[in-house]
Each structure stands twice: as C-alpha cells, then as structure tokens.
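Enquirer: Let's have the full structure, built from the sequences with the hints guiding it.
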Amino acid sequence: MDDKFDRNAHHTRVEGTTFRQANARAAMSRMTLSAMLLLALAGCAAQQPRTRPLPSPIINTGHAPPPPRVVARRPPPSSPPKPRLAPPPARKVYTPIHASFVVDPGHGGHDPGAKGVSPRPEKTITLEIARKLADALRDRASSVVMSRGDDTFISLNGRAALAERHRVDLFVSIHADSAPRAGASGATVY
355 MDDKFDRNAH HTRVEGTTFR QANARAAMSR MTLSAMLLLA LAGCAAQQPR
405 TRPLPSPIIN TGHAPPPPRV VARRPPPSSP PKPRLAPPPA RKVYTPIHAS
455 FVVDPGHGGH DPGAKGVSPR PEKTITLEIA RKLADALRDR ASSVVMSRGD
505 DTFISLNGRA ALAERHRVDL FVSIHADSAP RAGASGATVY
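With our numbering, letter number 49 in the sequence shown gets 403, and the count goes up by one each step, no holes.
By construction, these hints were calculated from the structure, which means they are not laboratory data. Heads up, the beta-carbon is just placed ideally off N, CA and C, and yes, glycines get one too. Any given hint could be a false lead.
[Said to hold, decoys possible] Pairwise CB distance ranges, derived in the manner of DEER restraints:
#1 Gly463 <-> Arg492: 16 to 26 angstroms
#2 Glu482 <-> Ala453: 21 to 31 angstroms
#3 Asp493 <-> Lys469: 31 to 41 angstroms
[What the hints assert, rightly or not] The list that follows gives simulated cross-link-like pairs (lysine to aspartate or glutamate, EDC-like), each with its CA atoms no further than 16 angstroms apart:
#4 Lys446 <-> Asp493
#5 Lys486 <-> Asp504
#6 Lys469 <-> Asp531
Expert: Structural data, given as structure tokens:
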C-alpha cells in the first residue's frame with residue numbers, strides 16, 4: 355500500500371481484503387458536495403478462499419431402481435367448445451398527472467427555424483406537434499400553457515419568463531431539426 359496517497363484514509367479489512375475509505379469534498383457555486391468513497395484499491399486480486407471439493411451426490415450401487423409407475427386416465431368425452439363472445443375493448447383510463455406544463459413550439463414569427471425536406475418551415479411543424487401534445491396533456495395534467503398558439507415570435511427570455519410566471523413543473527420545447535441527408539432520423543435532447 356502507498357501510505358503517502360491515503361494519509362487521512364481509514365482502512366477496513368474484510369475477509370482478507372483491505373479497503374480504503376476517504377472523504378471527498380468539492381465546492382460548486384453555492385453548495386458543497388460530500389461523498390464517501392469506498393475504494394477497493396488493495397486486494398483486488400486476493401486469493402480465493404480454499405475449499406474442499408464436495409463429494410459426488412450420485413451413489414452408484416450397480417442396481418437401477420425400477421421406473422416409476424404412471425397411471426393415465428382417459429378424459430371424459432368432450433362436447434364441442436362453445437363459441438365465446440369477444441370481451442368489449444378496454445377503455446383507456448388515464449391517471450391524472452399532478453403537474454403543470456409549458457408546451458413551447460420552437461421558433462415562430464420572423465424565425466422560421468430549420469429548413470428540411472418538407473417545404474413547410476420548422477415553426478409550422480412544431481406548432482402542430484405542440485397543439486397535439488397540449489391537447490393530450492390537458493386531459494391528464496393539472497395545468498397546460500402554450501408559449502405560443504399562432505405564428506408569433508417569442509424571445510428565449512420571454513419563454514423562460516412565461517414558465518416562471520406560471521410556476522410550471524416541466525417546460526417542453528419542441529423542435530424539428532434538419533440534416534443534410536434526407537434519410538437521417540433520430541432525436542436531439544437537451
């Protein structure tokens with residue numbers, strides 16, 4: 355072991371392996387993170403405990419036991435199965451979400467957004483998606499606010515202020531990125 359490395363560390367010995375424990379502190383803006391690190395630095399390649407091999411569970415006497423006797427009964431004659439009616443389709447039951455949302459269709463107004471394969475600008479596509487999402491959430495959520503309901507420009511600060519004013523739990527900003535290749539697919543998450 356290198357004692358210079360862990361002058362303030364505590365050593366713990368468990369079943370022949372020595373572990374070093376050290377406190378780590380890191381300051382970040384207004385908070386201090388404390389973490390207890392348990393590092394298995396010594397004894398990583400410790401020897402396995404020595405054990406004796408277990409005796410074989412099979413005893414060979416030279417005589418095989420007789421096979422078990424199986425008695426099968428014939429099933430009673432069956433009548434043709436009765437046709438069953440299909441059960442009615444299950445109704446969708448949604449559990450209410452006790453949360454509030456801002457649904458933010460990206461871009462808008464003089465900012466068209468990305469130009470993709472579609473002739474429609476990103477701002478139009480994101481508005482359609484946002485309306486559908488807001489409608490779906492309204493059935494389940496406590497509160498849903500759209501940052502824009504038409505083709506108007508709202509600054510990033512204006513969008514953030516809207517979320518703060520309504521004290522929402524989640525801000526969902528919808529964008530439809532583009533790529534040089536028409537076959538590109540996937541999602542961008544921030």
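Enquirer: If you check each hint against the structure, which ones fail?
Expert: Failing hints: none at all.
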